[in-house]
Amino acid sequence: MKDNHIMQNPFRPFRAVLPFLLIAVIEPCGFAQSNSVWESVLVGPYAVGYEKRDLFDYSRTFKPENDYFGNPTIGEIARPIPLHLFFPAGRNAEAVSVSYADFIAAAAISSVSETGKDSLQSYALVNYKTSLGEMGVSDAVADRLLSAKTPVYLNTQPVPGKYPVIIYVPSINSDPYENLVLISCLVSHGYLVISCPSVGAHTIEVTRDVMGAEAVARDIEFLLSYIRQLPQADRDHVGCLGFSWGGMISVAAAMRNYTVDAVVCLDGAQFFPKYKTVAAQLVEFDAHAFRVPFLGFVRNSADRDYGFFDDLKFADACLIKLAGIPHRAFGSDYIMWNDCIPDNPAEDVQRMATAYRVICSYTLNFFNALLRSDTAGQTYIQKEPLRNGFISNDIQHQWKPARCHPPREKEFLQIINERGVAEAVRIFADVRSKDSTAVFFREEDLLQYTIEWGPERADELLRLLLMNIQAYPQSADSYFWLGQVSLAKNDLENARKSLRQALTINPEHEKAKKLLTKIGE
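Per this note's numbering, the very first residue in the sequence shown carries number 135; after that it's consecutive.
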């Protein structure tokens, strides 16, 4: 299959996504050429429990109150957030193993379609089998896959305790089941994984623009808030894991929300040249300011742009390039499909299997390191894959520690407000001693204090403005306000000097012109 688009579920709008979790061990596919990827994924001590909850974000409307003809809309008009919850569980007599068909049914019900439940599920299954047939999978094999049971269980009890939380963000127009192997690997090792489908702003399809991306980003922020309602959730340790479009959204969510402690990105859209403009327009999306530890898996090919990783300065970051695999092979369901297609080259199947083992292993160790302070995990992710037992010429590994760890923008403003300007200036000087180009606040952040603080705090304002000018030497507004503060301190010489500099930078700065004329230039 050509790698010519961002990953999306080919079976929309029915959300019939075929998951796979170590099934080759339990119910091998008739045409499978290799099931080593499933057998070698490390399974932890916990069973994997599953629950689906139909939630709504009542702060956003998804449907209009009335249809085109003026009739009231049937059902809820708020934005649907179908929550898929995977949790560490114990086994009991009532536990029911989930089949492929069960997952497809659950996904179909997640649709916002008003189609009847039974007919929607039936159509999803038929549609799915048809799509598999187009890929070369026979009806007999498809039927066996659909009826096979997975080691994911309904009606099972959570194991008591608090568990770090991972939010999985699917690829565009897709569902969590596209990466069930990785999700279940994490859950079996004691992580709570939550996710919701990728849905557009006002229709089930996600538009490939800023509006579509922002809609999904807000869904993730909804889940970050919902974590507080999960008794098992250790909400002090939260990570994001995203695939393709979802990888870009995971990064955006981490930039906006300080509760995210680590991000894993599977061939994220920010590495696609055609989506860099979308990423740049997302609120607060700025690689130069990104501070959250980052692990990225990227297809090693000429159609990827690695600039996002290169621009990371303030985050410990690891990039693993995987050659010879298509974009969709960053999802476990696609690898399973290929295992069942006759005449697939064995080397292609094995290459994808090896790459996916690398993804599972490094992701688990990365989250262990960041969310559990596991030193072994930290050591693992810094090693080349060869040193971790992966023998392949298709894998490249790059570890890049942060140049320094400055405070985030809001943290820095909090330091100014609570600990004082002197402490803020000291921190800025310390960071600049390690990285002379470091900027971790916006120009307007410090200018706001010229409005909030009166003349009695002129000395503090002076220090803030000088720091602002260090960070933004072409800030005409900062020089203007420096002139204002100098004038308040009766320092006419420095007032004139600052105002002249403001006009040198921006000859059309009207306020600087007027003030300079007023004080007698």
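For the record, the hints were derived by calculation from the structure and aren't laboratory data.
There may be inaccurate statements among the hints.
Each pair of labels, with its calculated beta carbon distance range [what the hints assert, rightly or not]:
(1) Glu199 <-> Glu518: 53 to 61 Å
(2) Ile585 <-> Glu642: 16 to 24 Å
(3) Pro294 <-> Pro479: 45 to 53 Å
(4) Gln291 <-> Gly441: 43 to 51 Å
Beta carbons: idealized from backbone N, C-alpha and C, even for Gly.
Cβ distance range 53 to 61 Å for Glu199 and Glu518, holds or violated: holds, 58 Å
CB-CB spacing for Gly441 and Gln291 relative to the 43 to 51 Å hint: Given a distance of about 47 Å, which is inside 43 to 51 Å, the answer is holds.
Assessment of proposed distance window 16 to 24 Å (beta carbons of Ile585, Glu642): Holds - the Cβ-Cβ distance for Ile585 and Glu642, about 22 Å, lies within 16 to 24 Å.
C-beta pair Pro294, Pro479: status relative to the range 45 to 53 Å that was hinted: For Pro294 and Pro479 the Cβ distance comes to about 48 Å; the hint holds.
Checked against the numbered hints listed earlier, the structure breaks none of them; every hint is satisfied.
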